[in-house]
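Heads up: the sequence lines are chains A and B, in that order. Under numbering that gives the first Met the number 0, the first residue of the first sequence carries the number 0, and numbering increases by one thereafter. Under numbering that gives the first Met the number 0, the first residue of the second sequence carries the number 0, and numbering increases by one thereafter.
No lab work stands behind these hints, which were simulated from the structure alone. Any given hint could be a false lead.
[As the list claims (entries may be wrong)] With a straight-line cut-off of 25 Å between C-alpha atoms, the simulated BS3-like cross-links for lysine-lysine are:
| # | chain 1 | residue 1 | chain 2 | residue 2 |
| --- | --- | --- | --- | --- |
| 1 | B | 202 | A | 339 |
| 2 | B | 52 | B | 65 |
| 3 | A | 80 | B | 52 |
| 4 | B | 15 | B | 276 |
| 5 | A | 402 | B | 80 |
| 6 | A | 103 | B | 276 |
| 7 | A | 162 | A | 72 |
| 8 | A | 103 | B | 65 |
| 9 | A | 162 | A | 245 |
[As the list claims (entries may be wrong)] Which bits of chain A does chain B cover? Going by a derived footprint, with three or more residues having C-beta under 8 Å, they are:
| # | segment |
| --- | --- |
| 10 | 388-396 |
| 11 | 414-421 |
[What the hints assert, rightly or not] Partial list, derived from the structure: chain A residues whose beta carbon lies under 7 Å from chain B:
| # | residue |
| --- | --- |
| 12 | 13 |
| 13 | 14 |
| 14 | 58 |
| 15 | 201 |
| 16 | 204 |
| 17 | 226 |
| 18 | 252 |
| 19 | 258 |
| 20 | 363 |
| 21 | 378 |
| 22 | 405 |
| 23 | 408 |
| 24 | 409 |
The structure displayed is predicted, hence computed values, not measured ones. Virtual Cβ for every residue (Gly too), placed ideally from N, Cα, C.
Protein chains: 2
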Amino acid sequence: MKIVASTDRAFVSALKKVVSRARMQGAAVERTVRTLLQAVERGGDAAVLRYTKQFDKVALKASELKVTSEEIKDAYHRIRKDEGDALRFAAQRIAAFHERQRTKTWMYQDGEATLGQVVTPIDAVGLYVPGGKAVYPSTVLMSAIPAKVAGVSRIVMCTPPQKDGINPYLLVAADIAGVTDIFRVGGVQAVGALAFGTKSIPKVDKIVGPGNIYVATAKRLLYGTVGVDMVAGPSELLVVADGDAKPAHVAADLLCEAEHDEDAQVWLVTTSASLAKNVGRLLEQQLRGLQREKIAAKSVARHSVAFVVTTMDEAIEVANQIAPEHLTLSVDQPFDYLEKIRHAGALFLGRYTPPSVADYIAGPNHVLPTGGTAKFFSALSVLDYLKVSNIVHYTKEELSKVKDHLIRFAHIEGFDAHAKSAQSRFA
Amino acid sequence: MKIVASTDRAFVSALKKVVSRARMQGAAVERTVRTLLQAVERGGDAAVLRYTKQFDKVALKASELKVTSEEIKDAYHRIRKDEGDALRFAAQRIAAFHERQRTKTWMYQDGEATLGQVVTPIDAVGLYVPGGKAVYPSTVLMSAIPAKVAGVSRIVMCTPPQKDGINPYLLVAADIAGVTDIFRVGGVQAVGALAFGTKSIPKVDKIVGPGNIYVATAKRLLYGTVGVDMVAGPSELLVVADGDAKPAHVAADLLCEAEHDEDAQVWLVTTSASLAKNVGRLLEQQLRGLQREKIAAKSVARHSVAFVVTTMDEAIEVANQIAPEHLTLSVDQPFDYLEKIRHAGALFLGRYTPPSVADYIAGPNHVLPTGGTAKFFSALSVLDYLKVSNIVHYTKEELSKVKDHLIRFAHIEGFDAHAKSAQSRFA
Chain A
0 MKIVASTDRA FVSALKKVVS RARMQGAAVE RTVRTLLQAV ERGGDAAVLR
50 YTKQFDKVAL KASELKVTSE EIKDAYHRIR KDEGDALRFA AQRIAAFHER
100 QRTKTWMYQD GEATLGQVVT PIDAVGLYVP GGKAVYPSTV LMSAIPAKVA
150 GVSRIVMCTP PQKDGINPYL LVAADIAGVT DIFRVGGVQA VGALAFGTKS
200 IPKVDKIVGP GNIYVATAKR LLYGTVGVDM VAGPSELLVV ADGDAKPAHV
250 AADLLCEAEH DEDAQVWLVT TSASLAKNVG RLLEQQLRGL QREKIAAKSV
300 ARHSVAFVVT TMDEAIEVAN QIAPEHLTLS VDQPFDYLEK IRHAGALFLG
350 RYTPPSVADY IAGPNHVLPT GGTAKFFSAL SVLDYLKVSN IVHYTKEELS
400 KVKDHLIRFA HIEGFDAHAK SAQSRFA
Chain B
0 MKIVASTDRA FVSALKKVVS RARMQGAAVE RTVRTLLQAV ERGGDAAVLR
50 YTKQFDKVAL KASELKVTSE EIKDAYHRIR KDEGDALRFA AQRIAAFHER
100 QRTKTWMYQD GEATLGQVVT PIDAVGLYVP GGKAVYPSTV LMSAIPAKVA
150 GVSRIVMCTP PQKDGINPYL LVAADIAGVT DIFRVGGVQA VGALAFGTKS
200 IPKVDKIVGP GNIYVATAKR LLYGTVGVDM VAGPSELLVV ADGDAKPAHV
250 AADLLCEAEH DEDAQVWLVT TSASLAKNVG RLLEQQLRGL QREKIAAKSV
300 ARHSVAFVVT TMDEAIEVAN QIAPEHLTLS VDQPFDYLEK IRHAGALFLG
350 RYTPPSVADY IAGPNHVLPT GGTAKFFSAL SVLDYLKVSN IVHYTKEELS
400 KVKDHLIRFA HIEGFDAHAK SAQSRFA
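Please put together the full structure from these sequences, using the hints given.
Have a look at this one:
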């Protein structure tokens, strides 16, 4: 781990490099992605099947796209009972947290007028679940359960076909979470099928979930045609630690994110130069023998930085500039700092909150803004599956009270039909 | 206005045409927009000034981009006192409504764990305000006031330069609403400047506001680099009316939207064939002599449809399929239907709620999803200017209780560093 102190010249440039890690993405792949999307829009199932054969090397018929209820039942037999219990335990806690995010319709009287908001669930959502080496049943729970809590009636999951069948943990997690339809289709063709609908795959109103650069670009190009969630990038963790933090715990926490992806980014910001040194040393030690040692080692070598600062205020300021996906605050009184932290996807407070407890068990969502986008995006939540309609109800008397201001405003903007629509009620 | 009855064959195809009005947008202009954005990212002020000269035909120096406090003061003298009063009256009511949308940080205990959400305002937002023939000080109020209520500290407005100075109503509205910086720059160059920052124009975290297809495409391409609001299209109004609705009021309401834009779309859904006929006739009459007669006439001729149905349930179902930006419910007991309406940007209830009272005075936001996107987008709100960070705090004892499930889950996903980060606390 590279160590820079705030007294070094290298500090500013190292920080600047981290802060500017988010860039306008995917220009190069836009044209390819658009071509694929248009082909799926026009060609429907036939295009989906063609691309599945071309990119996933799996030949399917349209009738085979949908995962059957027998396959889902079978998946339960392919996992251990204690594994199923862990999935259910997590699901319950995720549901309990997200229940608290539900918002309700409200109205109030303003004179004789009634104003308010009606909150309704989105009708149908699509969840994209990547295939690949690592599979994330936890993310299936985190994406689907808030939709279920919101009251979404159709939750459609797409995941790339696998030669030996879809990972049973994904199927069990989807079933526990209340996913209504599962299709073995991945990549841009899955995103396009969800956006436009095909004979086999229903059109949805919003598409949620992480994916590679092609999937992310497809979602971005479709923004506004359907709803999409935030743009996901590689995992990040920034640990703010004082001199009393245990180096072994800090190193173990940093490796939680580093093992996700070679491009995962982990940072330490600390007031203790010796902590930084010890964490750096322990990182190298703890890396050895990990199942995903190579990936974690590359992430650490490429991206990890320890920023040594002089005060905790300075540490928090560095964290705010970076706006990390995950921010661990390893201090004795973490709640004292809460007001100063402006940007982070999630905050792990104190000495006994490893990232893994939040990833799997605690309940708050682990789908979080990366790449500095915590400055404007939020953790995935029930709100992402709801929408709000404003309501306005006037009586004749109340309308007559505000009529003059209304007419004046209409004339300011040069819209006399606006003025007349109010006047016509009094003609 | 074209009239189709649910007994006609033409009904289904007319409805289908309206329902499918939203398409994947702007493929043709993407390349141009990307080139402009990249030029602004690299060239900063120089590129902004070059494009301002090229597209807006106004030659400016960098020092002239920012609107001065003298110009704002002067704008107050260029409008009448009663006009200023109308702007202030609207601003107060918009603020009062949006105060109710503010959400707060919350936490709760789950055993010894503390879970919750921290709500913080976005640091800096950019408002795009179009120039052109029609100016919308109302939209300045509707975009800026929720940001102010949310606690956004920097609210930057960009609007195209005009040869005779920026419209004074826009400047006064911006000043009343709490905009902190105003720049005379429009188009893609404004969006790029706000996204990347230049020497003169500060980088913001989120860009909000309507614009032409170039501005809309720029926002879509930048989605994820910065936050953006919904994608805005032409105005829409669908009136659901029973046989007791006054045809003159319905026609006047429809013209409120038609006068915005030749591509504005207005529809009537009614159980009364005679109402449809009378509204059609009165539309033609009321059009005559409007300031914007030509625009409204084109909108009506091109897009207006009256759907005649047999029951109110059928009428609501048509409305739900169309998911209009504005939905007027002209019946005596509008609240009885509220539960059945699933998709609409805003609902205008009863006989005395013309669109204009909601556009200017009522208080709820008039920046609303168009083109069927009310199926997944919501009215602009204070939430668009806030973000949420999840918080998780575990104690050693609470962590030990959930440890086994956590470790099992980590092994399901093949992440042993995740398991170890929890285990390390008990080593």
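So, going through the hints one by one against the coordinates:
At most 25 Å may separate the alpha-carbon atoms for a hinted pair to count; residue 202/B and residue 339/A meet this at roughly 22 Å. As the CA atoms of residue 52/B and residue 65/B are separated by approximately 16 Å, the hinted pair is consistent with the 25 Å bound. For the suggested pair residue 80/A and residue 52/B, the alpha carbons sit about 69 Å apart, so the restraint of at most 25 Å is broken. The straight-line distance between the Cα atoms of residue 15/B and residue 276/B is roughly 22 Å, inside the 25 Å bound, and the hint therefore holds.
A C-alpha spacing of about 17 Å is found between residue 402/A and residue 80/B, which places the hinted pair at or below 25 Å, so the restraint holds. Using a Cα cut-off of 25 Å, the hinted pair residue 103/A and residue 276/B is violated, with the two alpha carbons roughly 39 Å apart. A C-alpha spacing of about 19 Å is found between residue 162/A and residue 72/A, which places the hinted pair at or below 25 Å, so the restraint holds. For the proposed pair residue 103/A and residue 65/B, the alpha carbon gap of about 42 Å is over 25 Å, so the pair is violated.
For the hint pairing residue 162/A with residue 245/A, the CA-to-CA distance comes to about 45 Å; that exceeds 25 Å, so the pair is violated. Interface restraint, the segment 388-396 of chain A with chain B: holds (8 residues with C-beta to C-beta distance below 8 Å; minimum three). Evaluation of the coverage hint for the segment 414-421 of chain A: fulfilled, as 8 residues show C-beta separations to chain B shorter than 8 Å, against a requirement of three. Below 7 Å, beta-carbon pairs count as interface contacts, and residue 13/A has none with chain B, the closest being about 20 Å; its hint is therefore violated.
Checking residue 14/A against chain B by beta carbon gives a least distance of about 16 Å; that is not within 7 Å, so the hint is violated. The interface hint given for residue 58/A is broken, as the beta carbon of that residue sits about 28 Å from the closest beta carbon of chain B, more than 7 Å. The interface hint given for residue 201/A is broken, as the beta carbon of that residue sits about 13 Å from the closest beta carbon of chain B, more than 7 Å. Because the closest C-beta pair between residue 204/A and chain B is about 4 Å apart, less than 7 Å, the hint holds.
The interface hint given for residue 226/A holds, since its Cβ lies 3 Å from the closest Cβ of chain B, which is under the 7 Å cut-off. Here the hint on residue 252/A is kept, as its CB sits about 5 Å from the closest CB of chain B, short of 7 Å. Because the smallest distance between the Cβ of residue 258/A and any Cβ of chain B comes to about 4 Å, under 7 Å, the interface hint for this residue holds. Because the closest C-beta pair between residue 363/A and chain B is about 4 Å apart, less than 7 Å, the hint holds.
The restraint placing residue 378/A at the interface with chain B holds, with a minimum CB-CB distance near 5 Å, inside the 7 Å limit. A cut of 7 Å between beta carbons decides the hint on residue 405/A: the least distance to chain B is about 5 Å, and the hint holds. A cut of 7 Å between beta carbons decides the hint on residue 408/A: the least distance to chain B is about 4 Å, and the hint holds. Among the interface hints, the one on residue 409/A holds; its C-beta lies about 6 Å from the nearest C-beta in chain B, closer than the 7 Å criterion.
The structure fails to meet hints 3, 6, 8, 9, 12, 13, 14 and 15 from the earlier list, while all remaining hints are met.
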